[in-house]
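J.: Could you build the full structure based on these sequences and the hints that come with them?
Note that the protein sequences, when read in sequence, are chains X and D.
Residues 1 to 415 (the numbering used here) are what the first sequence spells out, left to right.
Residues 1 to 225 (the numbering used here) are what the second sequence spells out, left to right.
Don't take each hint at face value.
Distance condition first, Cα-Cα at most 27 angstroms in a straight line; then the derived BS3-like pairs of lysine-lysine [unchecked claim]:
hint, chain 1, residue 1, chain 2, residue 2
1, D, Lys-138, X, Lys-15
2, X, Lys-253, X, Lys-92
3, X, Lys-16, D, Lys-138
4, X, Lys-309, X, Lys-16
5, X, Lys-77, X, Lys-243
6, X, Lys-162, X, Lys-51
7, X, Lys-309, X, Lys-194
8, D, Lys-68, D, Lys-83
9, X, Lys-402, D, Lys-83
10, X, Lys-92, X, Lys-222
11, X, Lys-272, X, Lys-373
12, X, Lys-309, D, Lys-68
Calculated directly from the structure, the hints in this document are not laboratory data.
The residues making up each chain are set out below.
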Amino acid sequence: MKGLLIFRLFLRDLKKQRKRITLTLMAIVWGTISIVMLLAFGEGLKRSLNKAQHGLGKDIVVMWGGQTSIPFQGMGKGRRIRFVDEDVEFLKKKVPEIEAAGAEYNRWGVSITYKKNTVSERVNGVYPSYEEMRAHYPQRGGRFINRLDMEYKRRVVFLGHKLKDRLFGNEDAVGKTIILNDVPFTVIGVMTEKMQMGMYNGPDWDKATIPATTFKTIWGYKYVQNIVYQPRDAAQIEEVKKKVSKVMGAKYKFDPEDKEALWLWDVIEGQKTFNKVLVGFQIFLGVIGGMTLLIAGVGVANIMYVAVKERTREIGIKMAMGAKRLHIMTQFLLESLIITILGGVLGVFFCVVIVKIWAAIPLEADWAQWLGKPVISLEIAVTTSLILGIIGMLSGIFPSRKAASVDPVESLRYE
Amino acid sequence: MIDMRKIRKVYSTGRIEVEALRGIDLIIGENEFVAVMGPSGSGKSTLMNLIGCLDTPSSGEYFLEGQKVESLSPNELAEIRNKKVGFVFQNFNLLPYATAFENVEVPLIFGGVASRKRRKRAMEFLDRVGLGDRADHKPAELSGGEMQRVAIARALVNQPRLVLADEPTGNLDTGSGKEIINLFEELGKQGHTVVVITHDHGIAERTHRIIKLRDGMIVDGNGSG
Ligand SMILES: Nc1ncnc2c1ncn2[C@@H]1O[C@H](COP(=O)(O)OP(=O)(O)OP(=O)(O)O)[C@@H](O)[C@H]1O
Ligand SMILES: [Mg+2]
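T.: Dropping the structure here:
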């Protein structure tokens, strides 16, 4: 009956202050939507960017030779350090913690022709280990460069998916012949579409990839562009890096501490910072949504203040009948909680609808790929409920304290 | 029952100070039926609020059933109003959105009475004031006399020792006023202490004792009646 009375009081308020309550309710709904959607899009973006991060490859280290900056064993600085094919096997032998490795050659501005289409793009000469390390997965019906291609220096080419589209359009590419600088190549595979954040030498989707051995035969490069390796255990990446510096330093006579002689770019480190940035981004979005809710909370508090004022006499009557502070306060607290929770539930409902609709729309555009799909995670649900609860309490507590401090004598004195 | 010593009450509204009560010494015994009279502004309502623990004196001592009231916390005072005191007002002061029945339930709710017992008791007291058949009516659907009877049922439902009425017949015609006074007389006989503020000499005559106030002081009726 007490609960019922409070509910009836709430309904009566609803009628009396319909406009104001509706507006506040809308503000809470809007606040909830903005906080949940911002967080949900943030989460979706985080997941899609995370995937894009892995587009370059997971847990890999890219290694370039540089120029010595520290004199070593009687040799001055400024010496160029360059690596050759044999260094791949050398590294694997000397550093057993390395799971896979491969060298990479690179030439840009190569004219690539299929029938009447000619584009100028980058050609990569790589090892078969690239398929796994650098996420060069073939689409159905194709394959990546294998050991035999390497051994026989076959003229086969694996195409990035965008490059394939530019050359072939909707036509099938596998099995067709394309011309790289006057040399015919057979297409053996097209890369599965992927998003790629980290990159060097441009995005993989625009590259034509051929066996490293073939590359050397055609263009006669002596030195590799870079070497990529993947440690067995990502947690050991730092120790492995040290060991690599030592081994290569011994071979090429440079100080293992010389950061200029050997460049080691570690994707894992980048992933960590990147994740931190994303979490920061989500917090930022959450704060913006929280502010919106806070303003809505002020609206609720305002309504409750009006309700207290209008019910002064009633409060006085109840006090004369023996109501304690808590009795008076509970009513107003409950009312503001009802408004807040109602708004919150409505808001979350809209969000779920939006997320469902978004998930149902097939969005092919690039920006949509990068944005990802909004996701309402458990964390988001918990955060939002907490914020709503706090705002409901806060916007109720001050008006209800005012209600509890009504002077019964004063409030009963006048008609 | 009531023991007041040198009670003063000063209201300060901004710069002006109004001394509503200027040294009240008052003893009201158990089971007494007392009338308080006096011109408008003489401090009758103020006195009643103090007796009923709705307000606290500016100075002086007040013992209610031997308990010193000044030392009590707001919640303890609320408890006293709930258990020991029943208020009846000139303008009824019913909750307008609640039914007669629900209005009678209010003190029981604050007293923490369980719902089944509460309903039974509220109905019992509505019956006692002869309004059992009006339980579901809102105050606006009742006559003045009926509203005041609901208010009396509400004042009595927690079975307080002390019933305080501030001009309970002031807004009623003579007929229903008489019914109300009959009810109070009945209460006096049943062992309640009843204090009625009134301007009506006819009513005052029916009580055991008339206390007369003027300018915040008792001018007559402080001997035992
Ligand atoms: N809350 C208050 N603030 C300021 N002055 C007050 C307050 N309550 C009462 N007074 C003053 O105290 C004096 C006594 O008031 P009180 O209401 O007790 O008189 P009363 O005898 O009940 O009069 P009435 O017969 O008109 O009801 C009056 O002068 C009144 O103006
Ligand atoms: Mg008065």
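J.: Just pull the numbers of the violated hints for me, sorted ascending.
T.: 7, 12
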